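Mapping of the sequence shown onto mature numbering (1 follows the signal peptide of the UniProt record, and there is no 0): residues -20 to -1, 1 to 370, in sequence order.
Think of the hints as simulated: they come from the structure by calculation, not from any bench.
Errors might be hidden in some of the hints.
Derived SDA-like pairs: lysine to any residue, alpha-carbon spacing no greater than 25 Å straight-line [unchecked claim]:
#1 Lys322 <-> Glu335
#2 Lys116 <-> Lys15
#3 Lys15 <-> Leu70
#4 Lys68 <-> Ile180
#5 Lys15 <-> Asn81
The following label-pair restraints were derived from C-beta to C-beta distances [stated by the list, open to error]:
#6 Val369 <-> Glu171: 20 to 26 Å
#7 Gly228 <-> Arg305: 55 to 61 Å
#8 Asp80 <-> Ala46: 19 to 25 Å
#9 Thr54 <-> Thr267: 23 to 29 Å
#10 Thr267 <-> Gly122: 32 to 38 Å
#11 Asn336 <-> Asn246: 49 to 55 Å
#12 Val340 <-> Asp278: 29 to 35 Å
#13 Asp25 <-> Val203: 26 to 32 Å
Nothing here was measured: the structure is a model prediction, and the numbers come from that model.
Each residue gets a CB set at the ideal place from its N, CA and C atoms; glycine is no exception.
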Amino acid sequence: MKKTLVALFVILLAVSTLFVSCSKSEGSEEADTYKIGFIGPLTGDNANYGIRCRNASILAINEINANGGVGGKTLELISEDSEGSVEKALASYEKLAYTDNVCAIIGPVFTSPALAVAQRAQEDGILMITPSATHKDITNVGDYIFRTVPSDSLQAEVAAHYFYEVLGYRNIAILYAVNDYSQGLADGVEEIFTSLGGTISAKETCMVGDKDFRTQLTEIRDVNPEAIYIPNYTVEDAQILEQAAQLGITAPFLSSDGFSDPEIYNLAGDYTDGVVYIGPAQAEASTALLDFQQAYRDAYNGDEADSFATNSYDAVNILAEAIERAGSADRTAIRDEFAATKDYQGANGTMNFAENGDLVASQGVYDVDGTTPVYVGAFQVQNGSIVQVD
């Protein structure tokens, strides 16, 4: 009887230990390492976005570890390739959350994967910080979801007002890819632009991965818009610009933060002159920003960090401070400390988060001169009108 009771006690102890190890608040704290997950496209047409975000995250971690780590422990980045798909992103999340037992996740990089992973991260109580996914609904998923990039709702509002009030357009066309990112911006700009009195003369769609846009562009050419808004990723935008030139379209192009990827000039440098795009406001040329940009060049063979890479770098550094204040890998404690961040001085300047996890920010306007994006300034919409704030 005594042996039976002892055996039963051992079984109960094992079960209770398993339950604790799978608790929502448990993160990785193996030996002297805190594990952080990363999810983004590292292969495929748009891998450049994910690679730069991952590289910037690694750079931040290497710098932190070289300076003593976090509370004497080192940080480790475990990167997973989403290939830009929801299915791969969810599989990556499963591995990071349950096998690697990470204490937080940087990414996903694209909007659709971020929306899907956010649901799981919220359910499991794992802090998720995306440096680039902008759809307004992402942070609405719950209190474990944050971003270091402005939301689509802010970008669309500034874009529509800038197009209407500053550029003076009253009639524009839109060509967007059917994904959460592009459609969210297209719908947001349409809603606000028309509310101001403007007209969307054509609204054409394409699929991610399409190579031929001539049919849509011909439809747009036939309605003779004053400008064409293309809120897409690099590969689609590059081909749209080239094919528009081949069709004799002379209307100026407008775009979104997806255009901030320097790869656009390698793919379509002959057609980028005059494009106006809305993206993250440019931080002052602070020591922190210049040091990061130079360190990135040195680490990655002269490659230039884009805005999303800068966002990733800041995300990791803010996360590291949150882990240090939490004093452990407890996922809930890390989330609480991340949310408590105030006036963080990063490569992007002073950073704060709204209660819903959004970055408190202005939007930048850029006017491309040849293959050089010229910064016009930072803008906000105040009392229903566009205002330049720097």
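For each hint, the structure was consulted:
Proposed proximity of Lys322 and Glu335 is supported: the alpha carbons are some 12 Å apart, at most 25 Å. Proximity of Lys116 to Lys15 is assessed by CA-CA distance (about 28 Å); at most 25 Å being required, the pair is judged violated. Our distance criterion of 25 Å between C-alpha atoms is met by Lys15 and Leu70, whose separation comes to about 18 Å. With a C-alpha separation of about 36 Å, the suggested pair Lys68 and Ile180 falls outside the 25 Å cut-off, and the hint is violated.
At roughly 7 Å between alpha-carbon atoms, Lys15 and Asn81 fall within 25 Å of each other, so this suggested pair holds. Look at Val369 against Glu171: about 23 Å separates their beta carbons, and that is inside 20 to 26 Å. Restraint check, Gly228 to Arg305: a C-beta distance of roughly 59 Å satisfies the suggested window 55 to 61 Å. Under the hint 19 to 25 Å, the C-beta atoms of Asp80 and Ala46, about 23 Å apart, fit the expected range.
Under the hint 23 to 29 Å, the C-beta atoms of Thr54 and Thr267, about 26 Å apart, fit the expected range. Checking the proposed 32 to 38 Å range against Thr267 and Gly122 shows it holds: the Cβ atoms sit about 36 Å from each other. Checked against the hint of 49 to 55 Å, the C-beta distance between Asn336 and Asn246 comes to roughly 37 Å, which is inconsistent with it. For Val340 and Asp278, the Cβ-Cβ distance of about 31 Å falls inside the hinted range of 29 to 35 Å, so the restraint holds.
At roughly 29 Å, the beta carbons of Asp25 and Val203 sit within the given window of 26 to 32 Å.
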